[in-house]
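Following the hints, position chain B against chain A.
Listed here are the chains, written in short residue letters.
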Amino acid sequence: MGYGVGVMVVIGVGVSLGLGVGIIRFATRFMDRVSQGEVRMAEKMAEASEVYMLTKDEVTYELIEGWNFIALPLKPYNFSDAKGLLKDVNRKNGHASTVSSWDGDRWQEFSQRDIRKYGVNFAIEPAKAYFVKTHQSSSWTVKGELIKKAEFSGLKLEPGWNSLGLFNEKSQASEVIDQINEVEGEVKERATVLDWWTAASNWQLYIKRIYSSDDIQEYGDNFGIKAEKGYMIFVNEPIEFKEDL
Amino acid sequence: MRKRYMRLIVILVVGLGLWGWWYRTPRQIRVRPANVGAKSFSVGWFSKKPSRGCVMAVESWKFKSWKDWVIKCDDEKTQWHLVDFKGVKPGTEYQLVVMSGLRVTFKNILSVKTKEISDQPPLIPKPAYGNVVDQKGNPVEGVLVYITAEAKTFNYPVAGVTNRQGNYGIDVGELSQISESLVLDAVGSRGYWKELLISTEGITPAPTITVANK
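Same order as they appear, the protein sequences are chains A and B.
Numbered according to numbering that gives the first Met the number 0, the first sequence spans residues 0 to 244.
Numbered according to numbering that gives the first Met the number 0, the second sequence spans residues 0 to 213.
These aren't lab readings, by the way, just hints derived from the structure by calculation.
Just so you know, even glycine gets a beta-carbon here, dropped at the ideal spot from N, CA and C.
Hints are supplied without guarantee of correctness; some may be wrong.
Said to hold, decoys possible - Lysine-lysine pairs mimicking DSSO-like chemistry, simulated, CA-CA at most 27 Å apart: (1) A/Lys55 <-> A/Lys82; (2) A/Lys148 <-> A/Lys55; (3) B/Lys66 <-> B/Lys85; (4) B/Lys125 <-> B/Lys112; (5) A/Lys155 <-> B/Lys125; (6) A/Lys91 <-> B/Lys85; (7) A/Lys74 <-> A/Lys127; (8) B/Lys125 <-> A/Lys127; (9) B/Lys125 <-> A/Lys187; (10) A/Lys91 <-> B/Lys88; (11) A/Lys74 <-> A/Lys55; (12) A/Lys225 <-> B/Lys71; (13) A/Lys55 <-> A/Lys155; (14) A/Lys127 <-> A/Lys55; (15) A/Lys86 <-> A/Lys55; (16) B/Lys85 <-> A/Lys225; (17) B/Lys61 <-> B/Lys114; (18) A/Lys241 <-> B/Lys125; (19) B/Lys66 <-> B/Lys112; (20) A/Lys225 <-> B/Lys125; (21) B/Lys88 <-> A/Lys86.
What the hints assert, rightly or not - Quick look at which bits of chain B chain A covers, simulated, 3 or more residues with Cβ under 8 Å: (22) 29 to 37; (23) 83 to 94; (24) 166 to 179.
What the hints assert, rightly or not - Stretch by stretch, here's where chain B covers chain A in the computed footprint (C-beta under 8 Å, at least three residues): (25) 59 to 66; (26) 99 to 111; (27) 188 to 201; (28) 206 to 217.
For reference, chain B alone in the conformation it holds in the complex:
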């Protein structure tokens, strides 16, 4: 009888510990595959507290063994996350799982298909750069910026992070081939900005993004 109670208490304590760990781990916001090439891709997200996250990737329909999964993690605890996968197969679809502590993101996620290797040499660079400020006009460091082409067809974003001056710089050469308009999204510790529409001609520099908690 006593043994049974002890077992129950242990289960409760472990359960409470796991729940506490899960509760304290910040939720992943704006999880998106980005910077997708033929041999690499990144997965970006933002968390409200600094945390160390990992991404598991596996070729679609190849779940036979744990060895098929590739796991990449952040180097350190941060609020912005941009985990890079390099040396992946061209023209291949990967299923992704994002984890921080016990929080696992399955929903709205996540698969990414790498590009085929092109016969043509890469396009010359087309930089898009600008800055991110908070509502007081102070530059914000560590803001995750996504840029996509405004088009009816789906396209993967390119992503970058702002530096100490609150500035980002990202190549949009391929996106500007899809559309003359680009859509900027930004998320950082001082809030976010959703869907700033700009022309590919007005990106050197792009209009200032003011992030806020709306």
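Isolated chain A (complex conformation):
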């Protein structure tokens, strides 16, 4: 009887130890795989953010009745020009009639009402901004190809007002102006004003003036950047601008 109990105890302890070791080994392997997966995921994310200007392949615009100032942070699958843009909005329960593009001196317009067309059709380019006139509020989703950072050459800003789209949604107006004004560690007043057209149909301004190295003044509102919004920027000299991401 006593011998039998001893054998049972030994077997019980052995099984328990075996189970314990098994569980520990399984947990260790599981944790390794999880951490490897996390590393791979983090690598993929880093890779994606390095490669593309913006990592989302669709953008939704809440268009209001009247004028909307928009930018396209991707290459749309459905259209590549103003005529196609109007058609795409109208196909998706919107009612748009005009697209305007800033040519550095004036607004270039293309309008279409039913079969009548006015103005010259023009290409829609990523990272540029356009006014779209709509006759009713609607939600408009655009799907498109992501823009590779290596392929995006940036924007050429000419002295005066320029329209543009911005990609870095973590940045604020002041950071965009600062990036332009800081060249190789030296700060110079090259850009002064960044504006966006609000849903209230007016320009909201951010202004930064460098009167001297110890007199830097900010005016207006330091607003956050949205990739789907259009912006106007005022620069004092020709600038090759590629946004920091």
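Only chain B this time, still in chain A's reference frame:
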């Protein structure tokens, strides 16, 4: 008899409470509709103490039901107030009532007519910016700045508020189409400045505004 006295006392106490509430609520100064577009407008005013104000708006001649009124309020208690109405109808007149506590502004007020939606794309921005200081030359934060075009015809002001550096920045693109001269008004906790006349060419930056209690 006793009941009657009690009722009288209750009425007196409630009346006194309401009067006290009304008395303690700061009066609204420089109430003006501003930043008027086709789909939006703002109502600005200044109060001598921080307060939370509301504006009621209703389409003219449409008083049939309380549902016709739209009410917008300040997010927090402040001395400057700029309450925005968005998504309103183009080319429509609205009657406005401004309220802070029990103080209600009817007089000199207030209707606003929104613009029609233009066939032309909006004008490019024309910023006007500058700073506001007190009599000691210190920048003043929270000053409500109104800018209008100097013209014989009525025009709605554009409005903005100064930041920590005492600076404001406002778009005057449409006003500069009306006139080559602009009129600046400013009101803040350290006083006010009335009608500073400036040229549209001299607004980057505009001359410094010195506010004072005159």
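Going through the numbered hints above, which ones does this structure break? Give me the numbers in ascending order. none
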